[in-house]
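Input sequences plus hints: build the corresponding full structure.
Going line by line, the protein sequences match chains A and B.
For reference, each letter of the first sequence is one residue, going 1 to 221 in my numbering.
For reference, each letter of the second sequence is one residue, going 1 to 335 in my numbering.
These aren't lab readings, by the way, just hints derived from the structure by calculation.
Hints are supplied without guarantee of correctness; some may be wrong.
Unchecked claim - Over 10 Å on every C-beta distance to chain A, these chain B residues come out as not near it, computed from the model:
id, residue
1, 72
2, 93
3, 237
Said to hold, decoys possible - Partial list, derived from the structure: chain B residues whose beta carbon lies under 8 Å from chain A:
id, residue
4, 29
5, 40
6, 100
7, 107
8, 117
9, 181
10, 332
11, 333
All C-beta atoms in this analysis are idealised placements derived from N, C-alpha and C, irrespective of residue type, glycine included.
What follows is each chain in one-letter form.
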Amino acid sequence: MTRWGMVIDIGRCVGCQACTVACKTENQSPLDAWYAPVIEWESGVFPDATLNYLPTLCNHCEDAPCVTACPSGAITRRDDGIVIADEDICIGSRACMAACPYGAINFFEDSGTASAPAGSATPQASVPERYAHEQHVHGAISKCTYCAHRIDYGVEHGLEVGVHPLATPACVVTCPAECRIFGDLDDPESNVSRYLTENGPGEVLRPDARTNPKTKYVNLQ
Amino acid sequence: MSNTGTPHAGGEMPLSSLSSHSQNPFMDQFNLEARTQRVWDLNHAVWFTLMGLGGGVFLAGRILNLTEDLGHWLGIPMVDIVSFVAIAIGGLILVADLGRPLQFWRAFANIRTSWISWGAWSDLVFLTVAGLLVLPALSLGGSRPFSGLGWEPDGSDATGLALEILAGAAAVIVMTYAGAVLARPRSIPYWSSPAVPIQFLLSSAAMSLATVLLLEAINDVPISGGQMALLGILTAGLLTAMAVHLSTHRDVPGKQQSLDSLLRGPHRAVFVGLVLVLGTLMPTLLAFIGAAVPGARTALSVISFALLVQGGLLLRLTTLRVGIFPPVHIPSTRR
Numbered sequence: 001m002t003r004w005g006m007v008i009d010i011g012r013c014v015g016c017q018a019c020t021v022a023c024k025t026e027n028q029s030p031l032d033a034w035y036a037p038v039i040e041w042e043s044g045v046f047p048d049a050t051l052n053y054l055p056t057l058c059n060h061c062e063d064a065p066c067v068t069a070c071p072s073g074a075i076t077r078r079d080d081g082i083v084i085a086d087e088d089i090c091i092g093s094r095a096c097m098a099a100c101p102y103g104a105i106n107f108f109e110d111s112g113t114a115s116a117p118a119g120s121a122t123p124q125a126s127v128p129e130r131y132a133h134e135q136h137v138h139g140a141i142s143k144c145t146y147c148a149h150r151i152d153y154g155v156e157h158g159l160e161v162g163v164h165p166l167a168t169p170a171c172v173v174t175c176p177a178e179c180r181i182f183g184d185l186d187d188p189e190s191n192v193s194r195y196l197t198e199n200g201p202g203e204v205l206r207p208d209a210r211t212n213p214k215t216k217y218v219n220l221q
Numbered sequence: 001m002s003n004t005g006t007p008h009a010g011g012e013m014p015l016s017s018l019s020s021h022s023q024n025p026f027m028d029q030f031n032l033e034a035r036t037q038r039v040w041d042l043n044h045a046v047w048f049t050l051m052g053l054g055g056g057v058f059l060a061g062r063i064l065n066l067t068e069d070l071g072h073w074l075g076i077p078m079v080d081i082v083s084f085v086a087i088a089i090g091g092l093i094l095v096a097d098l099g100r101p102l103q104f105w106r107a108f109a110n111i112r113t114s115w116i117s118w119g120a121w122s123d124l125v126f127l128t129v130a131g132l133l134v135l136p137a138l139s140l141g142g143s144r145p146f147s148g149l150g151w152e153p154d155g156s157d158a159t160g161l162a163l164e165i166l167a168g169a170a171a172v173i174v175m176t177y178a179g180a181v182l183a184r185p186r187s188i189p190y191w192s193s194p195a196v197p198i199q200f201l202l203s204s205a206a207m208s209l210a211t212v213l214l215l216e217a218i219n220d221v222p223i224s225g226g227q228m229a230l231l232g233i234l235t236a237g238l239l240t241a242m243a244v245h246l247s248t249h250r251d252v253p254g255k256q257q258s259l260d261s262l263l264r265g266p267h268r269a270v271f272v273g274l275v276l277v278l279g280t281l282m283p284t285l286l287a288f289i290g291a292a293v294p295g296a297r298t299a300l301s302v303i304s305f306a307l308l309v310q311g312g313l314l315l316r317l318t319t320l321r322v323g324i325f326p327p328v329h330i331p332s333t334r335r
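Below, the structure is given as structure tokens:
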């Protein structure tokens with residue numbers, strides 16, 4: 001049984017936010033919605049201060065509280081473990097947002113159009129902004145899908161998921177430091193399984209929430 | 001939404017000038033801090049309050065056998081009218097608050113796991129079954145067009161009793177599910193406790209009984225010492241549930257910040273003053289005084305109603321407003 005998962009090695013992250021932007025470009029997420037933000041925080045005191053980075057995304061939990069909370073059935077877990085949201089079925093209750101411990105779900109508010117106010121020197125939003133604005137359902141939620149469309153394409157065309165660039169999430173492909181690794185957690189020979197074997201079992205965010213995430217972290221301080 | 005450190009794509013205009021936007025109000029996504037949820041607020045507090053009140057008033061009227069004594073409108077007992085109106089308005093507020101209100105019917109879909117779905121079904125079942133129950137009593141222009149339906153609206157025959165029990169069971173879920181919606185996920189530690197639905201249930205029961213007592217006062221129906229004592233027991237139970245919730249797991253990340261906000265921070269005046277003291281402690285004292293002093297019951301029941309309803313609404317509102325997510329990760333340097 002295939003169970004897609006991701007390992008993020010914090011020790012490799014350089015905080016470039018390339019994954020954040022690659023995700024936004026790939027998924028054309030709504031304005032101000034970020035499916036894969038890299039959290040930043042400072043630690044220590046000058047001259048020993050450090051800037052720390054924590055790449056995040058939907059954790060695609062085995063026991064996903066968003067799936068449980070959603071009243072409309074818009075959020076579901078596929079057989080391969082990917083948690084997806086159908087914006088057309090979503091009613092905008094936002095119960096999933098309250099249930100997700102990771103803040104991984106975004107709500108696309110209002111039903112206006114992407115146009116500049118009257119009298120503006122620039123009459124309209126840029127093409128990518130308008131495209132992102134128009135392709136999402138207003139009043140619904142959206143979230144990371146592990147780039148399910150790329151994975152499905154890879155499976156369909158016999159590409160090795162997590163290895164071939166067209167069959168791997170955009171954030172993984174883009175990362176210059178190769179801190180994100182993607183693959184089948186149930187396959188002991190997959191790149192994620194081997195990485196976890198070599199670097200320890202990995203940790204998860206908010207273990208107190210008991211969501212059993214499939215996004216695991218190595219070198220989490 | 002302000003995202004410190006957010007990379008902003010270039011464009012022909014500032015992103016903020018677009019006429020609509022998306023947001024993640026639950027969490028500023030680029031910072032490692034505890035975040036207060038900001039989506040569920042007053043609308044939800046009013047919805048929670050009205051559902052609790054509506055379900056509870058129906059139950060209180062039936063359990064105390066007061067439906068026929070508290071006035072009628074179009075032949076329907078006033079206590080049932082209050083219940084239906086409260087639940088209908090609460091439901092409309094819920095629908096209006098949805099991101100896609102016209103898709104509200106989809107809320108009935110996930111009855112397997114979602115408390116909101118269970119709540120939607122219980123609202124529908126309650127309004128349908130309780131509405132059917134009282135339908136034979138409906139009087140229009142002096143005639144009762146549905147009197148031939150074959151059951152007694154007061155539940156004094158088998159069919160009427162069956163409808164009454166089914167409506168009562170649905171009313172219990174209507175009173176309970178709002179708290180369960182908050183308590184089920186573990187994302188917000190202050191909410192993730194059985195104490196939350198217990199508080200909401202006890203608050204609903206107390207508000208509902210106080211509403212029935214108010215209707216008794218309006219209709220010159222004598223209020224018994226037992227009713228006042230019952231009100232006192234419910235509010236004392238609520239006070240106990242609140243005390244337990246406030247005094248346990250105080251050091252859990254997220255709950256710690258919620259308690260700070262409630263007891264020392266911006267919500268202190270409302271929570272301690274209007275919810276704890278005026279909205280719970282005071283009605284408890286007044287109810288027990290009323291149980292002992294027959295002559296004061298009418299006045300005390302009216303005062304208790306006002307205190308309990310404002311306290312119930314503000315209890316729910318402050319509970320929502322101190323819903324705080326702990327950071328997704330607490331670095332070893334901060335532990």
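Results of checking the hints against the structure:
The beta carbon of residue 72 (chain B) sits about 36 Å from the closest Cβ of chain A, which is more than 10 Å, so the claim that it is off the interface holds. Distance check on residue 93 (chain B): its Cβ is at least 13 Å (rounded) from any Cβ of chain A, clearing the 10 Å threshold; non-interface status holds. The Cβ of residue 237 (chain B) lies farther than 10 Å from every Cβ of chain A, with a closest approach of about 27 Å, so its non-interface assignment holds. With a cut of 8 Å, the hint placing residue 29 (chain B) at the interface with chain A holds, because the nearest CB-to-CB distance is about 4 Å.
Annotation: interface hint on residue 40 (chain B) holds; nearest CB of chain A at approximately 7 Å, less than 8 Å. Of the supplied interface hints, the one on residue 100 (chain B) holds, with its beta-carbon coming within about 4 Å of a beta-carbon of chain A, less than 8 Å. With 8 Å as the threshold, the beta carbon of residue 107 (chain B) comes within range of chain A, its nearest partner Cβ sitting at about 4 Å, so the hint holds. Here the hint on residue 117 (chain B) is kept, as its CB sits about 4 Å from the closest CB of chain A, short of 8 Å.
Hint on residue 181 (chain B) holds. Least Cβ distance to chain A is approximately 7 Å, under the 8 Å limit. A hinted interface residue such as residue 332 (chain B) counts as satisfied when its beta carbon comes closer than 8 Å to some beta carbon of chain A; here the least separation is about 5 Å, so the hint holds. The interface hint given for residue 333 (chain B) holds, since its Cβ lies 5 Å from the closest Cβ of chain A, which is under the 8 Å cut-off.
Checked against the numbered hints given earlier, the structure satisfies every one of them.
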